[in-house]
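Enquirer: Sequence:
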Amino acid sequence: MKRNLSDYFVALFVIACSIVLLAALTFALSGYRLKKVTRTLRINYEDVTGIKVNSEVRYAGAPAGRVIAM
1 MKRNLSDYFV ALFVIACSIV LLAALTFALS GYRLKKVTRT LRINYEDVTG
51 IKVNSEVRYA GAPAGRVIAM
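As numbered in our numbering, the sequence shown has no gaps in its residue numbers, which increase by one up to the final residue, 70.
These are calculated hints, taken from the structure and not from any lab test. Heads up, a few of these hints could be off.
Claimed, not checked - Beta-carbon label-pair distances, calculated as ranges:
(1) Phe27 to Asn54: 29 to 39 Å
(2) Leu21 to Tyr45: 30 to 40 Å
(3) Arg33 to Ala62: 17 to 27 Å
(4) Gly61 to Ala28: 47 to 57 Å
(5) Phe13 to Ile43: 50 to 60 Å
(6) Tyr32 to Arg66: 22 to 32 Å
(7) Asn44 to Arg66: 41 to 51 Å
(8) Leu25 to Gly50: 42 to 52 Å
(9) Ala23 to Ala60: 54 to 64 Å
(10) Arg33 to Gly61: 18 to 28 Å
(11) Arg58 to Phe27: 26 to 36 Å
(12) Met70 to Lys35: 18 to 28 Å
(13) Asn44 to Ala24: 42 to 52 Å
Every residue gets a Cβ at the ideal spot worked out from N, C-alpha and C, and that includes glycine.
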């Protein structure tokens with residue numbers, strides 16, 4: 001049985017698509033996120049002596065974020 005060159009291209013395309021789909025499915029099910037989940041809080045204080053932009057924010061002694069604007 002004689003096969004066309006286009007048959008090989010179709011087979012190669014199907015295999016390549018299967019690999020891409022498998023990689024995407026593995027990535028989606030792994031739970032890895034490209035972007036970190038963030039939450040912005042706006043807090044008003046009368047006195048913020050010693051705090052500046054990019055200062056570390058701690059909650060119960062643990063790092064919780066950074067000051068992004070004042």
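Enquirer: Decide, hint by hint, whether the structure agrees.
Expert: Comparing the hints with the structure gives:
Range check, phenylalanine 27 to asparagine 54: Cβ separation about 32 Å, and the 29 to 39 Å hint holds. In this structure, leucine 21 and tyrosine 45 break the distance hint of 30 to 40 Å, their C-beta atoms being roughly 51 Å apart. The supplied range of 17 to 27 Å is met by arginine 33 and alanine 62, whose beta-carbon atoms lie about 21 Å from each other. Range check, glycine 61 to alanine 28: about 36 Å between beta-carbon atoms, so the 47 to 57 Å window is missed.
At roughly 55 Å, the beta carbons of phenylalanine 13 and isoleucine 43 sit within the given window of 50 to 60 Å. Between tyrosine 32 and arginine 66 the Cβ separation comes to about 23 Å, which falls inside the hinted range of 22 to 32 Å. Distance hint for asparagine 44 and arginine 66: a CB-CB separation of about 18 Å, inconsistent with the stated range 41 to 51 Å. At roughly 50 Å, the beta carbons of leucine 25 and glycine 50 sit within the given window of 42 to 52 Å.
For alanine 23 and alanine 60, the Cβ-Cβ distance of about 40 Å falls outside the hinted range of 54 to 64 Å, so the restraint is violated. A beta carbon spacing of about 26 Å between arginine 33 and glycine 61 agrees with the range 18 to 28 Å that was offered as a hint. Between arginine 58 and phenylalanine 27 the CB atoms are about 34 Å apart, so this pair conforms to the stated range of 26 to 36 Å. Between methionine 70 and lysine 35 the Cβ separation comes to about 25 Å, which falls inside the hinted range of 18 to 28 Å.
At roughly 44 Å, the beta-carbon separation of asparagine 44 and alanine 24 lies within the given 42 to 52 Å, and the hint holds.
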